[in-house]
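Visitor: These are the residues of each chain, in order.
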Amino acid sequence: MSLDAALHAVRGTFELDAQFAVTEGRTLAVLGPNGAGKSTLLAALAGVIEASGSVCLNGRELAGVPTERRRIGYVFQDFLLFPHLTVLENVAFGPRSLGMPRAAARDLAEQWLARLGIAELAPRRATQLSGGQAQRVALARAVAAGPDLLLLDEPLAALDVEVRAEVREELARHIQDWGGLTILVTHSFDDVTALADDVLVLERGRVTQRGSLREVIQSPATSYARRLVAGWAED
Amino acid sequence: MRASARRRGFLAPVLWLPAGLAIALLGLPLIALAVRTPWGQLPALLSTSVVAQALGLSLLTATLSTGLSLLLGIPLAVVLARSVEWPLVPRRLLRALVTVPLVLPPVVGGVALLLLLGRRGMIGQFLPFQIPFSTAAVVIAQTFVAMPFLVFAVEGALRASDRRFEIAAATLGASRWRVFCRITLPLIAPGVSAGALLCFCRALGEFGATITFAGSFPGVTQTLPITIYLQLQTNPDAAIALSLVLLAISVAVLVTLRDRWVPGLTA
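Here the protein sequences line up with chains A and B, keeping their order. Be aware that the first sequence starts at 1, since it is given in my numbering, and climbs by one per residue. Be aware that the second sequence starts at 1, since it is given in my numbering, and climbs by one per residue.
Zero decoy hints are in this set.
In silico negatives: residues of chain A with every beta carbon more than 12 Å from chain B:
hint: 1; residue: 20
hint: 2; residue: 21
hint: 3; residue: 60
hint: 4; residue: 104
hint: 5; residue: 106
hint: 6; residue: 178
hint: 7; residue: 213
Covered stretches of chain B, as calculated for chain A (at least 3 residues, CB under 8 Å):
hint: 8; region: 167–177
hint: 9; region: 182–190
Source of the hints: derived by calculation from the structure; they are not laboratory data. Backbone N, C-alpha and C fix where the C-beta goes; we use that ideal spot for every residue, glycine too.
Let the sequences and hints guide you as you build the complete structure.
Guide: What follows is the structure in structure tokens.
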């Protein structure tokens, strides 16, 4: 399982040019300041915006393929749980959309909720959840559809600072448990060290460094990276 | 504790007179209707066959018109709200077209429908059956005048809805049709209901286009408003009783919609 991408996307006056690969078993973190193009990169991968270049997922070329057929799961920064559905229905939505009969989809959804430790939330409305709970539901929803690639957009940004550390650890375990290709977008180096194996540093739409987490910590290539590593090392 | 200072008004006192006249113009006729209603005879008046026929016909045609408006109007609202995605759609022209029945005198609408679907009409001449002066004609006339209410209500709701839910649904593998049915529509359901209620109300009260295009044959095309108009000559008490029925329905709709003034109507 692997992803090879060479993307070029234009959004207004902003231009993104990025080439990278994700290998099985190694989570890639896309790290960059606000405005660097991280969201644009995710949107291009998911097929939400037009992009030129090639996106090759498990040998399948995705250029020109519409979002609903890309098999790419997406966990949004503000979760976007469907407010008119229960937690169980939210998680079962992916499998149902792919043709699974209702009973089977619900069973699958229940299994995923149990695996993430939130089985008791199944009958609740999506609007009655805490930040940490909503994040786990959003994750369950994305992986229940059986995607080839999982995208996480600033997964902890919407959470209160006090719960972030605890949720971050749990998220690391859940991602490992899922075991598929994962790309995580963040501007927090704490997220990177807890969740990622490889790092792609993105600044102003360009890749400024690419390597394993250790390489980036030991030899940050730009002043931005140096600042982040130094700030993290102090804590 | 200091008492909060009362704000000094800047309303010119002379405005109270015309405002008062406006209130009188709007309110007194309704009061006159309530005062002159033969309350004691209401049950008897409302159970005659003329009334039953007209009421049944009006409710049937208004329901069918609302149904037709939903079937045709929701897709049109989607085109209007999302046409940013399809650059070939002349959105301003379409929106002007939808506004026309709102400002066109209904009688003119009826004449236009006759010229289109009448026996010698532009399309009507090719049809093997006759449309004017039938119940179908009532439904068509009512839909013509009432559908824009639904279209604008739904368009407003669509524009206010968060499109990212649809993106989320797409990432989960849902086809565009599934996204529309399972995500888009449920999330705008309140707007659709409000629009449908307004549409029903307007269809129920339609007079000019109906009488011109469909005539006034009892049981077939003689709706409540037409019946009121005709009964006023021969049996004023019946006309008053029927007026009260329509007024009651209008007030009920108003009360139901009171907090959700339809966007697009006042835009």
